[in-house]
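As you go down the protein sequences, you meet chains X and B in turn. Take the first sequence: its position 181, counted from the start at 1, is 181 in our numbering, and no numbers get skipped. Take the second sequence: its position 147, counted from the start at 1, is 147 in our numbering, and no numbers get skipped.
Treat the hints with care, as some may be off.
[Said to hold, decoys possible] In silico contact screen, one side only, chain X against chain B (beta carbon under 7 Å); selected entries:
hint, residue
1, 371
2, 415
3, 422
[As the list claims (entries may be wrong)] Some chain B residues near chain X, calculated using beta-carbon distances under 8 Å:
hint, residue
4, 70
5, 73
6, 76
7, 90
8, 105
9, 190
10, 194
[As the list claims (entries may be wrong)] What follows is a list of derived Cβ distance ranges for each label pair:
hint, chain 1, residue 1, chain 2, residue 2, range
11, B, 114, X, 389, 50 to 58 Å
12, B, 139, X, 122, 24 to 32 Å
13, X, 170, B, 177, 20 to 28 Å
14, B, 144, X, 424, 53 to 61 Å
15, B, 71, X, 101, 48 to 56 Å
16, X, 165, B, 175, 56 to 64 Å
17, X, 345, B, 178, 46 to 54 Å
18, X, 15, B, 144, 54 to 62 Å
19, X, 427, B, 191, 17 to 25 Å
20, B, 14, X, 381, 45 to 53 Å
21, B, 71, X, 382, 28 to 36 Å
22, X, 62, B, 134, 56 to 64 Å
23, B, 139, X, 73, 28 to 36 Å
24, B, 107, X, 327, 29 to 37 Å
Derived from the structure by calculation, the hints contain no laboratory data. C-beta: ideal position from N, C-alpha, C; glycine also.
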Amino acid sequence: MTTLAPADACADAFEAVRRTAPAPDSVVDLRRRAFERFTALGVPTTRLEAWRFTNVAPIASTAFTLAAPAEREAAKADTAPHALPGVGAGLTFVNGRYVAPASDVSALPAGVEVLSLADVLAADANDTRTAVESHLASGAGIENEAFTALNTALLHDGAVVRVPANTVVEEPIQLLFITSPPPGGEPVMTHPRVLLVIGENAQVRVVESYGGGDSPYLTNTVTEVIAGPSAVVDHYKLVRESLSAYHIGAMHVRLSRAANFSSHAVTLGGAIVRNDALALLDGEGVECTLNGLYLANGRRLVDNHTTIHHAQPHCSSHELYKGVLDGEARAVFNGKIIVAIDAQKTDAKQTNKALLLSEDAQINTKPELEIFADDVKCTHGATVGQLDEDALFYLRARGLGLEQARSVLIHAFAGDLLNHIAIEPIRDQLDELLLAQLPGSGGGSFHVEG
Amino acid sequence: MLEVTNLHASVAGRGILRGIDLSVKAGEVHAIMGPNGSGKSTLAAVLAGREEYEVTAGSVTYDGRDLLEMEPEERAREGVFLAFQYPVEIPGVNNAYLLKAALNEVRKHRGEPELDAMDFMALVKERMQVLHIDQDLLKRPVNEGFSGGEKKRNEIFQMAVLEPQLAIMDETDSGLDIDALRTVSAGVNAMRSPERATLVVTHYQRLLNYIVPDVVHVLSNGRIVKSGGKDLALELEEKGYGWIEGVAEQVGA
């Protein structure tokens, strides 16, 4: 393989997608415009306010090539740890491509579509394709965000979930995105795209899970959620990328009248992780919850940027992000809340709490409130602290070893976020992962029946 | 069981204990009384292994072993229990979890099999009845939102489950109403046995009406200035700590 400059690698990828991934004219055009925007914007630098504390130079300086289909056995090995037992229907993507044999969506209610985006785009014109064409990039603008523009330029596969009005999907829908790097460890990238179109009064839970083999790769994912009036959507994003991987993800959510949306973003892996969550509360009576939990050690960096845009009156939003940082890990939390002039009676609450386990761990946390209405309730708070020494001593005085006492307290700190996770197999798995990742954790469950 | 010899301890460079000598035998209950600032709670904290306190001189042996060499968790596993004056609130950790983890640490240390959830619950329920503790308390986070009385009762409940060999009660009576005081005292008295010893640290004589000590020590300015039988507590109550400060000056002279 020849050595490429990063920009050439992107241009090559764009050409490859254009040649090999069939799509309707509107999408071909969208890709082209997006690539132009990406070329004009370039990979962001720390001179941009939104990337001030997140230096993505390691990504910008690497010539990632589009991940090729993986060798089967390797793909299986890389996928296995990420499958969620007990979670219902789902699609699996390896190296950015839908893998039909590893997917099963047979048990869904009538009318619910869970499809590969590539299949939809390659099909003759039909109702689904038309819907996809009309919604793609409607929320995730390509104008200002370079990574979103790049994802759109290289748009070829991902998941489409459509739930018709008045339909309740009981079982969670699982979308698994795995990168299985080539044996030589050459840096590869994927650009998954997820589109959720949820009809009026429908109800669904979607889990996006990201992981991969242990060598450098880039996942650059974009999710768009369009929720109709009174729809109830629970969204889970689990970032469990390998520790040498980069993950850039943006989720754009548009909520209609009385919709109820909640997001749980859990970041446990990745060398550099950036999660953007942007919600537009575009009807009265919307309830929007954005929760996040992040754990980082070593020299890892986790950046969560949220924007909640209250465009209409009588909406409420709640945000709770919690982080545990060890070693020389760094984290960024930036929570923007915009309250439009008409959005009276807005009730917005934002909290970010970080636990620093070492002297060298660091967090930059910043609320950004832009309030144009005058009859609103907006609160924000941030706390950064260490483990409570009194609590540590109390636990030790009851016989728990120092490491176990630390682990109990860290777990307790993260626990209230885990408790918000309504899908039991996910909560249990995260519980285990959390325990496994904590320094010197003794394991065991924190719940005793009685 | 416990031999404290010429114990000196300081916190942030300030000497608080200035030569404590104390000998507690199995089966005995000793009361440590004294005015505020006399060093009572420091003594309790040093015995439990609190790291902020620096032992500058003296020794403490527990069952013939050097207690000061042991980590706090090791002391707990060896049967030393401190009932905290201010039990710490730990949001997110439920009481049952802590108790089960603590009990199993002690059992492991003794070479006994760990209890599973069922056996643990059976044991715990029995102890709860004795102490009039609501079952609901098990599911609540450790001490979080507990009233003062509930916190103290929870300490005694933990003690009843862990069955320590040496219990140190640090101002367990403070903030208790008379009913809670009776319950707590009954819990402590139920634990009295020829194999166990108890150190009751208190400012007031009131608790000693319910937990009758074998020996009473009066602490002043970091030293034990007077020791005697249970009547000493009554004398103190009557004459006040001012009387003891007079005694202390004589001892110091």
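So, going through the hints one by one against the coordinates:
no., hint, in the structure
1, 371, "violated, 31 Å"
2, 415, "holds, 4 Å"
3, 422, "violated, 18 Å"
4, 70, "violated, 11 Å"
5, 73, "holds, 5 Å"
6, 76, "holds, 4 Å"
7, 90, "holds, 5 Å"
8, 105, "holds, 4 Å"
9, 190, "violated, 20 Å"
10, 194, "violated, 24 Å"
11, B:114 - X:389: 50 to 58 Å, "violated, 28 Å"
12, B:139 - X:122: 24 to 32 Å, "violated, 54 Å"
13, X:170 - B:177: 20 to 28 Å, "violated, 51 Å"
14, B:144 - X:424: 53 to 61 Å, "violated, 25 Å"
15, B:71 - X:101: 48 to 56 Å, "holds, 54 Å"
16, X:165 - B:175: 56 to 64 Å, "holds, 59 Å"
17, X:345 - B:178: 46 to 54 Å, "holds, 51 Å"
18, X:15 - B:144: 54 to 62 Å, "holds, 60 Å"
19, X:427 - B:191: 17 to 25 Å, "violated, 39 Å"
20, B:14 - X:381: 45 to 53 Å, "violated, 36 Å"
21, B:71 - X:382: 28 to 36 Å, "holds, 35 Å"
22, X:62 - B:134: 56 to 64 Å, "holds, 60 Å"
23, B:139 - X:73: 28 to 36 Å, "violated, 47 Å"
24, B:107 - X:327: 29 to 37 Å, "holds, 35 Å"
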